[in-house]
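*Asks:* Here is how the chains run, residue by residue.
Protein chains: 4
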Amino acid sequence: MTSVKGHAHHGLNLDLAMRADAKRRLQSIRGHVEGILRMLEEDGAYCVDVLKQIKAVEGALGRVGDLVLRSHLSEHVVTAAARGDESRMVDELMELLKYR
Amino acid sequence: MTSVKGHAHHGLNLDLAMRADAKRRLQSIRGHVEGILRMLEEDGAYCVDVLKQIKAVEGALGRVGDLVLRSHLSEHVVTAAARGDESRMVDELMELLKYR
Amino acid sequence: MTSVKGHAHHGLNLDLAMRADAKRRLQSIRGHVEGILRMLEEDGAYCVDVLKQIKAVEGALGRVGDLVLRSHLSEHVVTAAARGDESRMVDELMELLKYR
Amino acid sequence: MTSVKGHAHHGLNLDLAMRADAKRRLQSIRGHVEGILRMLEEDGAYCVDVLKQIKAVEGALGRVGDLVLRSHLSEHVVTAAARGDESRMVDELMELLKYR
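Protein chains in written order, with the numbering used here: chain A, 1 to 100; chain B, 1 to 100; chain C, 1 to 100; chain D, 1 to 100.
Hints should not be assumed to be uniformly reliable.
To be verified - Below, simulated BS3-like cross-link-like pairs (lysine-lysine); rule was C-alpha separation at most 27 Å, straight line:
#  : chain 1 : residue 1 : chain 2 : residue 2
1  : D       : 98        : B       : 55
2  : C       : 23        : B       : 98
3  : D       : 52        : C       : 23
4  : B       : 52        : C       : 52
5  : B       : 55        : B       : 23
6  : D       : 98        : A       : 55
7  : A       : 23        : B       : 52
8  : B       : 98        : C       : 55
9  : A       : 23        : B       : 55
10 : B       : 55        : C       : 55
11 : D       : 55        : C       : 52
12 : B       : 52        : C       : 23
13 : C       : 98        : A       : 55
14 : C       : 23        : B       : 55
15 : A       : 55        : D       : 23
16 : D       : 98        : B       : 52
17 : C       : 55        : A       : 55
18 : B       : 23        : A       : 52
19 : D       : 52        : B       : 98
20 : C       : 55        : D       : 98
21 : B       : 55        : B       : 98
22 : A       : 55        : B       : 98
23 : A       : 23        : C       : 23
24 : C       : 98        : D       : 52
25 : B       : 23        : C       : 52
26 : A       : 52        : B       : 55
27 : A       : 98        : C       : 98
28 : B       : 55        : A       : 98
29 : B       : 23        : A       : 55
30 : A       : 52        : D       : 23
31 : D       : 52        : A       : 55
32 : B       : 98        : A       : 98
33 : A       : 23        : B       : 23
34 : A       : 55        : C       : 23
35 : B       : 55        : D       : 55
36 : B       : 52        : A       : 98
37 : C       : 52        : D       : 98
38 : D       : 98        : C       : 98
39 : D       : 55        : B       : 52
None of these hints come from the bench; they were simulated from the model.
Here chain A stands alone, though its shape is the one from the complex (with noise of 0.2 Å):
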């Protein structure tokens, strides 16, 4: 996935500060999915307490996307049309937002 120059897809890579602030958050769900498994090693882990886990990670996981996609939007859509490629980044958006 990695490549010099004119990479695998076509210059749109991520923002540098945005990367570094979703790695910090990845990192933290990491250890919240890591949570969770200990949490079902225990005897008495109750269900809704798990739920309620598993839906905490999920909100983390929606927020890192948020990030991604504000970038992706200011640095790669609004540009689009100038780059010629609006219908790529139209049809990836719809297809990401599908059950979003």
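Position chains B, C and D against the provided structure of chain A, taking the given hints into account.
*Replies:* Leaving out everything else, chains B, C and D in the frame of chain A:
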């Protein structure tokens, strides 16, 4: 479903077979999150690819949630009237299903 | 869909007070949909305003759904074990909550 | 896309063909809501049948939303950099997509 000690709640514990399945799925989710973290290290990572992976993890988490929810409904909710904790069961579920 | 006794379903009917509340809300939702239809007649209708109104109607529908769901849980699901139709109750709920 | 007078915003109006399609769909949604209102009049209305109809209307509304969103992305968002209103376009979209 009841047990003598070791749980904070009220004997409404996770079903064992479901618990094993949920653990396998959460381990795979942890691996998927680590895969996204590796993607973010790559120079050429493209926003939409990251968003697709986040969406896939959300889907996988939703499936674990469905597993736990189905087990909770079957094991605990349908028997609530007999136990007498129906208003607690209903309030908990409604809170969980908000914005789901 | 009506029937005199033992009706189409199984005597699991809508709670009356909840039903009145749901009707009031659905009448308001119908009015809101008509408002969006009028918006679409206007020359200057802006996409984002239409999308906001659609989202508001979705929220209002979700609130009617929550009302009916809470009533269903309280009146029918928590008593399922006593009636003996728990697997039907659970399957129906899981089907409804998919992608919710 | 531009027009001289008659709109509050900034010349970013709804595409005409999409508007006709959205109107047809919203008229059908209004009819569907009226159908649910009629269901609620019936003695034997069953919660789960009402919930299924509400979910169907939510799906139909989501499809109108997708139609308007796709048109907005294609007509207004991909050209935002050229117009210079990209931060407004992005903020509006992010607000709309919250909890979507």
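*Asks:* Run every hint past the structure and note whether it holds.
*Replies:* Results for each hint:
Proposed proximity of residue 98/D and residue 55/B is supported: the alpha carbons are some 15 Å apart, at most 27 Å. Between residue 23/C and residue 98/B the alpha-carbon distance is near 21 Å, which keeps this suggested pair within the 27 Å criterion. For a cut-off of 27 Å, the pair hint linking residue 52/D to residue 23/C stands: about 16 Å separates their Cα positions. Between residue 52/B and residue 52/C the alpha-carbon distance is near 25 Å, which keeps this suggested pair within the 27 Å criterion.
Taking the CA atoms of residue 55/B and residue 23/B, the gap is about 20 Å. The hint holds against a cut of 27 Å. In summary, the hint linking residue 98/D to residue 55/A is supported, as the alpha carbons are separated by about 16 Å, within the 27 Å threshold. Between residue 23/A and residue 52/B the CA atoms are separated by roughly 16 Å; this keeps the pair inside 27 Å, and the hint holds. Restraint check for residue 98/B and residue 55/C: the C-alpha separation of about 16 Å stays at or below 27 Å, so the hint holds.
Note on residue 23/A and residue 55/B: the hinted pairing holds, with a Cα-Cα distance of about 16 Å set against a maximum of 27 Å. The hinted pair formed by residue 55/B and residue 55/C meets the criterion: a straight-line CA distance of about 21 Å does not exceed 27 Å. For the hint linking residue 55/D to residue 52/C, the alpha-carbon distance of about 19 Å falls within 27 Å, and the restraint holds. Straight-line distance between C-alpha atoms of residue 52/B and residue 23/C comes to about 40 Å, which puts the hinted pair past the 27 Å bound.
For the proposed pair residue 98/C and residue 55/A, the alpha carbon gap of about 15 Å is at most 27 Å, so the pair holds. As the CA atoms of residue 23/C and residue 55/B are separated by approximately 36 Å, the hinted pair breaks the 27 Å bound. Annotation: proposed proximity of residue 55/A to residue 23/D is violated, straight-line Cα distance about 36 Å (limit 27 Å). About 17 Å separates the Cα atoms of residue 98/D and residue 52/B, which keeps this hinted pair within 27 Å; it holds.
Under the criterion of a C-alpha separation no larger than 27 Å, the hint pairing residue 55/C with residue 55/A is consistent with the structure, at around 22 Å. Proximity of residue 23/B to residue 52/A is assessed by CA-CA distance (about 16 Å); at most 27 Å being required, the pair is judged to hold. For the given pair, residue 52/D sits about 17 Å from residue 98/B by alpha-carbon distance, which is consistent with the 27 Å threshold. For the proposed pair residue 55/C and residue 98/D, the alpha carbon gap of about 10 Å is at most 27 Å, so the pair holds.
For the suggested pair residue 55/B and residue 98/B, the alpha carbons sit about 20 Å apart, so the restraint of at most 27 Å is met. Note on residue 55/A and residue 98/B: the hinted pairing holds, with a Cα-Cα distance of about 10 Å set against a maximum of 27 Å. In summary, the hint linking residue 23/A to residue 23/C is not supported, as the alpha carbons are separated by about 47 Å, beyond the 27 Å threshold. For the proposed pair residue 98/C and residue 52/D, the alpha carbon gap of about 11 Å is at most 27 Å, so the pair holds.
With a C-alpha separation of about 40 Å, the suggested pairing of residue 23/B with residue 52/C is violated against the 27 Å cut-off. Between residue 52/A and residue 55/B, the direct Cα distance comes to roughly 19 Å. Compliance with the 27 Å bound is thereby established for this hinted pair. Distance hint between residue 98/A and residue 98/C is fulfilled; the C-alpha atoms sit about 14 Å from each other, no more than 27 Å. Simply put, residue 55/B and residue 98/A have alpha-carbon atoms about 10 Å apart, close enough for the 27 Å limit, and the pair holds.
With a C-alpha separation of about 16 Å, the suggested pairing of residue 23/B with residue 55/A holds against the 27 Å cut-off. Proximity of residue 52/A to residue 23/D is assessed by CA-CA distance (about 40 Å); at most 27 Å being required, the pair is judged violated. For the hint pairing residue 52/D with residue 55/A, the CA-to-CA distance comes to about 24 Å; that is within 27 Å, so the pair holds. Between residue 98/B and residue 98/A, the direct Cα distance comes to roughly 20 Å. Compliance with the 27 Å bound is thereby established for this hinted pair.
The hinted pair formed by residue 23/A and residue 23/B meets the criterion: a straight-line CA distance of about 24 Å does not exceed 27 Å. A distance of roughly 31 Å separates the Cα atoms of residue 55/A and residue 23/C; the hinted pair therefore is violated under the 27 Å criterion. Of the pairs offered as hints, the one joining residue 55/B and residue 55/D holds, with about 22 Å between alpha carbons and a cut-off of 27 Å not exceeded. Of the supplied pair hints, the one linking residue 52/B and residue 98/A holds, its CA atoms being roughly 11 Å apart against a limit of 27 Å.
Between residue 52/C and residue 98/D the CA atoms are separated by roughly 11 Å; this keeps the pair inside 27 Å, and the hint holds. Between the alpha carbons of residue 98/D and residue 98/C the distance comes to roughly 20 Å, so the proposed pair stays at or under 27 Å and holds. Only pairs whose Cα atoms come within 27 Å are accepted, and residue 55/D paired with residue 52/B is accepted, the gap being roughly 25 Å.
Hint violations for this structure: numbers 12, 14, 15, 23, 25, 30 and 34, all remaining hints satisfied.
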